Amino acid sequence: MTVNSEAVPGQQDPERKTVLDIDHLKVTFATDGGDVYAVKDVSLDVKAGEVLAIVGESGSGKTVTAKTILGLLPETAVSSGAVLINGANVISLSPHRLRQIRGRDVAMVFQEPSTALNPVFTVGWQIAEGIRAHANANGGGRVSAKEAKARAIEALGKVGIPDPEHRVNYYPHQFSGGQKQRVVIAAALALNPGLIVADEPTTALDVTVQAEILELLRDLRDKYGTSIVLITHNMGVVADLADRVVVMYQGYIVEEAPANTLFAEPKQNYTRNLLAAVPHLGRNSASEGLTERRYQDEEVLVAADNLVIEYPGRLGTPAFKAVDGVSFTLSRGEVFGLVGESGSGKTTIGRAIAGLNRTTGGSLKVLGYEMLNLRERTFKPLRKDIGFVFQDPAASFNPQLTIGECIAEPMVIHTNPSPAQARKRVGELLESVQLPASYAGRYPHELSGGQRQRASLARALSLNPRLLIADEPTSALDVSVQAKVLELFRDIQEEFGFGCLFISHDLAVVDILSSWVGVLYKGKLVEQGIGSQVMGNPQHDYTRRLIASLPVPDPAEQAKRREEHRALLGI
Amino acid sequence: MSANTTLEPVTNPRAPLFRRLPVISHFNKSVGLQRFMLVVGLALTGIFLITALAAPLLAPYGFAQLSDADGSFPTQQAPGGKHLLGTTVGGYDVLSRVIWGTQTALLVIIVAVVLSIFAGVILGLVSGYIGGWLDRILVVVADAIYAFPSLLVAIVMAIVISGGQSSLFGGIMAAAISITVVFIPQYFRVIRAETIRLKAEPFVESAKVVGASNIRIMTRHIYRNATRTLPLIFTLNASEAIQTLAALGFLGFGIEPSSAAEWGFDLNKALADTTSGIWWTGLFPGLAIVWTVLGLTLVGESINDLNDPRLRGRKRSGRKDDGGPSAAQAAIELEVRAQ
Amino acid sequence: MTTLIDAPPSDADALLPPKKKQSGGGLGQYILVRFLLIFPTILILVTLVFFLMRITGDPITAAMGGRLPPEQLQERIHSAGYDRPLLVQYFEYLGQLVTGNFGTTLSDNRKVTEMLTTYGSATLELAVNALIVALLVGIPLGLVAASRRDHLPDAVLRILAILFYATPVFFAGMLLKLVFSVWLGWLPVAGRAGTRTELSLTALEAPTGIYWLDALRSGNMAAFSDVISHAVLPAVALGFLTAGVFLRLVRTNVIGTLGKDYVEAGRSRGVSEFRLVTKHAYKPALIPIITVMGLQIAVLLGGAVLTETTFEWKGLGFQLANYLTARDFVAVQGIVVLLAVIVAVTNFIVDIIAALIDPRVRY
Amino acid sequence: ACTGPSGGGGGGTASGGSGGGAITFGTTDKVVTLDPAGSYDAGSFLVMNQVYPFLMNSKPGSAEVSPDIAESASFTAPTEFTVKLKPNLKFANGHALTASDVKFSYDRVLKINDPNGPASLLSNLKSVDAKDDTTVVFNLKAGNDQVFPSVLGTNTGPIIDEEVFPADKVMSDEDIVAAKPFAGPYTIDSYKKNELVSLKANADYSGLLGKPANDSAVIKYYADSNNLKLDVQGGNIDVAGRSLTATDAADLDKDSKVKVYKGPGGELRYIVFNFDTMPFGAKTPEANPAKALAVRQAMADIVDRQAISDQVYKGTYVPAYSVVPDGLPGASQPMKDLYGDGSGKPSLDKAKKALSDAGVTGPVNIKLQYNPDHYGKSSGDEYAMVKEQLEKSGLFTVDLQSTEWVTYSKARTADAYPVYQLGWFPDYSDADNYLTPFFIPGNFLKNHYENPTVTDLVQKQLTTPDKTERQKLIGDVQTAVAKDLSTLPLLQGSQLLVAGKDVKGVEKTLDPSFKTRLGVLSK
Ligand SMILES: Nc1ncnc2c1ncn2[C@@H]1O[C@H](COP(=O)(O)OP(=O)(O)OP(=O)(O)O)[C@@H](O)[C@H]1O
Ligand SMILES: Nc1ncnc2c1ncn2[C@@H]1O[C@H](COP(=O)(O)OP(=O)(O)OP(=O)(O)O)[C@@H](O)[C@H]1O
Ligand SMILES: [Mg+2]
Ligand SMILES: [Mg+2]
Ligand code: NI
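Chains as they are written, first to last, in this note's numbering: chain A, 1 to 571; chain B, 1 to 339; chain C, 1 to 363; chain D, 1 to 523.
This is chain A alone, in the form it adopts within the complex (with noise of 0.2 Å):
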């Protein structure tokens, strides 16, 4: 039986049917090193017609509850307690039972579109499949493929695919990804189930699309009265979507509250904690009452001028412009930020300034070095003065090396130093970083997230680098260690002063540590100014839709800012 004929979009009735209902789940999980307790204690419940949000930080066990509904855990894993759908429970049921619940009482949206879909089947097929799959158990005999597809279609064209009766003979690499990701709710919408499940379903994408699928989900809610469970760690979507609010730390449930309220007035620390971490555009900005550019008359680290680098096509194919036409300047004690969607070129840039990356016309001018033409033996001396902080602090690091060898390889490398004064100086580095000096040897697997990108910009630091480049460096980090490494950051480079690219696909990171602030788009540099301006009063087209499209972690004032975007977003 499914739910949504009788679903009202009203928001505050209490008389509203439970669709889903867990109480008191356990989930452990048998690993290598013994059981890991994912889920401890986690009793919620979700109303008809209501979105509720699970967030909390990586790792506190929001994935495996969000299995636990569908029952999709690993043989691995052991679940205890209820999980109640329109009054079955999920952890007992027999498999064969299992498998008509899924997809009809409830269905799953996931974080990677491009994965969620099989390559090398078409979407229609795809998403047919899982209606003749319940045929039978609808008491309605077979259905027949064309039926099944006329279905597809009919669900392809409820979120929006333009064409669904063409399109739906297409393979999933022919859409785009804000497209994969409507196939895929497509998909979990075919068989109307009552409950969707939504586990992080734009964290993979860009902030324009994802404002894209956020408005979808919000329509479906108010059309088909569909019930969501709307799992992330985005503040700022959960303000956007989301009516009720669950907090999760370490496998419990820590607060439970409607979503204005929570942003309102947390009760928790750790609420309060995470909420305030939450970088927020417009708040606490580097550039903030600026009027020029500081640091115009310092010495000028790097020179873009018409920059092009182009990665060569294979065999015959035509060469990719990654950066096309980029110039810009960045001086001593200035922190430059990059920001753009995914794919821009902003790494490009980065690594060309790196010497990682050959340019291949316009001129770039490092250190006073040019890098056109660059010379690995020429340039070598000018190494230790840029350092450069990977995204993933964890692939940054020699697996087999301790953390000490790892920051003391810059030093060995240039200036020779004893053994002694090698662990003196790191020591201090560890120790500027905030990190004991104890920590020299350990290895890498052996530090946090934010341990390691601390200790990754101590290596950066260790010969007094003139320059940084920092390639997003805390996008692979909770929103609570984020802040923590940012404000670290900040005063770092006060006290040293160096000249810093800092990249980053957030704008309201960029916003909290640069002054100056360039906007990439498709390889060119469409607007940069002083960060506050750029902002505020967005100049270029692609700028302002990126800027309408970013959920600030606020309900009410995300409520706004969506009416007043809603033109310019085209939704």
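Calculated directly from the structure, the hints in this document are not laboratory data. Be aware that one or more of the hints could be misleading.
[As the list claims (entries may be wrong)] For each label pair, taking beta carbons as the anchor points, the in silico distance ranges come out as: (1) Asp23/A with Leu136/C: 46 to 56 Å; (2) Leu94/C with Pro74/A: 51 to 61 Å; (3) Pro74/A with Gly234/D: 51 to 61 Å; (4) Gly315/D with Ala78/B: 12 to 22 Å; (5) Gly368/A with Pro85/C: 17 to 27 Å.
All figures in this text were calculated on a predicted structure; none of them were measured in a lab. All residues carry an ideal CB built from backbone N, CA and C; glycine is no exception.
Mind docking chains B, C and D with the ligands on chain A? Use the hints.
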């Protein structure tokens, strides 16, 4: 924000050395069926190794011995009595030859695999790291050899090399080198692929940004990370080496009986016996090959599965819902506040 | 020999345009480059074999070394031109190859092309038979093992697969022969057909050389069943070796795809486990499976040497061993070129098939 | 010279001739080529002997050569060997067979001089003249060559159709079969090289070998003698020829369904001493001919041929006590008396005495080489046994090594091996074929053995027309080389044929000519 799943470190570099050794660390990781397979493989391989090392003690006679104080051995004698597994048409003691055969097999494995690891690893590292034309040429050559039936390459090599003599050393070297030639492309491919993957890893790039020289990057950063899969390839190639050796022997390109005991050769000689109702001369060398290859392959497969998180089995959480951390909400509150 | 290691994706890919290209014309160009790559591969093998064979000695010594005094031997070697500079001989040989002239074998005076077609068809027949056995055995069992992963059927199948692999073809062949031919007397010992069948097939007009095909065409059912009964044991001996590899290959890859999000997504829609394994997981797994199966053709051909020798199956592998002993380099080179072409072309075709299965490549 | 209509008898399976059904003969000897100019091996000769006519051949049951398609053949002058053909000979394709074809055949072998060919057998032939349609004169370089008639019955001997074969190059088997230039007891009906040859009795043949007792014969080729054995046991073939392993032969002996026929064999297996490099050899630091001889003698005293024959070969090879195999006219067994206990058994005392007499002290180290891939699978076992026997005496230490054939045959003539194994299959059945190639200066052994007396004797026997006198000379040579021990003969092969119980006539072809004639078989 889920972290990128990079290859998880196989071993905890700080655990005691003993526990970090390839096979032992794998053993500790294994459970259930996988542990069973690993244990069976280790047992078979262990018996093989012990037999090889203790061959002089275990074997009742020399591998080329035809007589003892009591006179010449009878030929084609059925198992039993003085000759537990019987004798061959030439009068060799089958049991002794099977036992001594382990030594030959072991020597060939070691020489072949060591040689190919050296050459393969160096070529793979350099080719993968330097890239360019050198890489392309090496790749095409390696692919050509790799794609070609390896046994045939081994035969040709055996002929080229056995131009020398089939003394024990010469024979083993001939077999080992011909196997080496076949294996180099494999190591080359694996190491090269790893090197290329690692070359793009941020930790290698971070070494590059700080100005580390190519040699330093290759030796300090890539080499150790790229060779992590070697124990696996080692075991699998060891079993292949045995098969190739046996096949060479079977086809008559192997080691002569007076130089060393070699199962494939004995099997070849036993073909006529088998159909004449003399089953023992062929069966035992054949089983010895199967035994050894089975053991090594089981070990290799298990290591492979254990290295691959996708394939690694995990024990089920035994306790359904015992004690567990069902601590109260309050305890958390404390913890949270303390932050 | 086989390798159980998952072959890393062909390194040649490094030289190719990216497969997963979205723009038009990608596939055409991919095919072209892939095709052109066949030639250096063959050239390399030919070159290697040419020089290696010359190091090993000449056919005249091989044939006459026990009969003639060294002076006469030398004179014959000289008149045959084998004492000329290697490079001269090499380029002469390449020149011949380019004009399609493979020469005449030295040890038994046959046109290499004729020899290749005769024995090539025998090897082809064996390989096809073995492949059929391997596919029929390996794929279903691999699927079973993957879906019952870490349970008893999986355990049994995996150990079986390793056992298949661990048993050398010639040992398996010997045992099979002993049991089914000598003891039970059900199947013939060796050869591709009985004398009478062989005579009748030889008499056939334009024989294909593939015996069961010829037997079918001749409409002679007795001959057909004779041919099939001869084919069983070799096909099983060689097929099971490969089946072990296939089983493992299918298992590993299907387990890999079973862990993918899209399978989870299918499961979340209520699709049955059977369909998840046989459709959702199997088809995407097929791409790597087919690629590695392509590489298995080399294994199959290598195994064919042993199988052919064991079962007196007069094919390329069998002949190759003979010609090698006779130092008949013309023949050996001919066979190597053919095998190289077969391997390269198979891999080429397999890559194309894999590309076609993968819809991402189509546009 | 050829007048007959071309393109005679085509296919057709109509059975003619006498005898019963088809005989299937299995062998492991491969054909190099059916063209007589391009082959010099047993496998090719097996087919050629059935399908080509010869001037001289040996009758079943005898090793002696007598005219085949000739009426007469004899020396008409010391350097002139004249053959008269029977009249009205024809090839199966209808072409006439005349003296001109004979001349063509021999000229062609010499002209083509194929690396794999038998031209070297004709080293004594100066020219051939076709006097008229039926008369051929062979002009020889050296007179009174007693083995020349035998040579005419070897690989060089087939008479071929000059209208079919090109004069200057070897022809492919397929083309030969298609052109049917056959005039022997059989013609080839269908041909799959080294797989299957089907022969049909040739009604037109009226030579020495007589009409085949069967109307057709099939030769089936095997690579592995084991499969050959299983097939003859299973009745899939009627007769299995040659190269059965000892185990196979012993097993077949016990099988009631088949019968094993054993005949004298021409194969000789022996150890060669390199007079320069063997212990105390001429080029060694402690060179001493007497000591070297003592070493050879001691080895001859010690080797137990009978044990090797029994153990390794199950009697398929028998002890050889002379350089000429037993059974050939003139063969004697001098080594039986000279060495060992005088009855063929080893004698340790004698060996010790030989060494001590020559002043050799301490065990002599012998570097013994054998080849594993040219003389059958059992060489390894054979030499392991030789090593065992030598070492057990306490007089020798043996460093046994083996080398693959091509290298082996090069290295042995380059003085690399002091003491080594060789084997010999005769080109033709005459004692001389075991003497001239071995013991005259420039022989193919290249072992630096030279004894003028032996050389003289060898040359003398070659030109002595009187049979008894010649045989005596041959005996003298054997005794002389037995004393010098240039080589140490170990074993002599025997011919083995295994046939189903119902096959008749097998024993007729097992004679010292070592030629297989399928025509005598029937069932
Ligand atoms: N298959 C598994 N085996 C073992 N442990 C697991 C498994 N899946 C999840 N866990 C563990 O359970 C805990 C909760 O994981 P979960 O995926 O629910 O986190 P999350 O809140 O979704 O985090 P993220 O924001 O990173 O997605 C983590 O400690 C994780 O390591
Ligand atoms: N090695 C490469 N070869 C070919 N194309 C590349 C390569 N690296 C990047 N590109 C392409 O260049 C463009 C810019 O890539 P870049 O990594 O600079 O983007 P980005 O702005 O850093 O994106 P993200 O936010 O996803 O990190 C993209 O379209 C990308 O596909
Ligand atoms: Mg998650
Ligand atoms: Mg980037
Ligand atoms: Ni292999």
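- Task: Take the C-beta atom of glycine 368/A and the C-beta atom of proline 85/C, compute their distance, and say whether it sits inside 17 to 27 Å.
- Result: violated, 58 Å
- Assessment of proposed distance window 46 to 56 Å (beta carbons of aspartate 23/A, leucine 136/C): Taking Cβ atoms as reference, aspartate 23/A and leucine 136/C lie about 50 Å apart, which means the hint holds.
- Message: For the hint 51 to 61 Å, verify it against the beta carbon of leucine 94/C and that of proline 74/A.
- Response: For leucine 94/C and proline 74/A the Cβ distance comes to about 58 Å; the hint holds.
- Item | Cβ distance range 12 to 22 Å for glycine 315/D and alanine 78/B, holds or violated | Holds, since glycine 315/D and alanine 78/B (Cβ atoms, about 20 Å apart) stay within the stated range.
- Query: Are proline 74/A and glycine 234/D spaced within 51 to 61 Å by their CB atoms?
  - Reply: holds, 58 Å
Hint compliance for this structure: hint 5 alone is broken.
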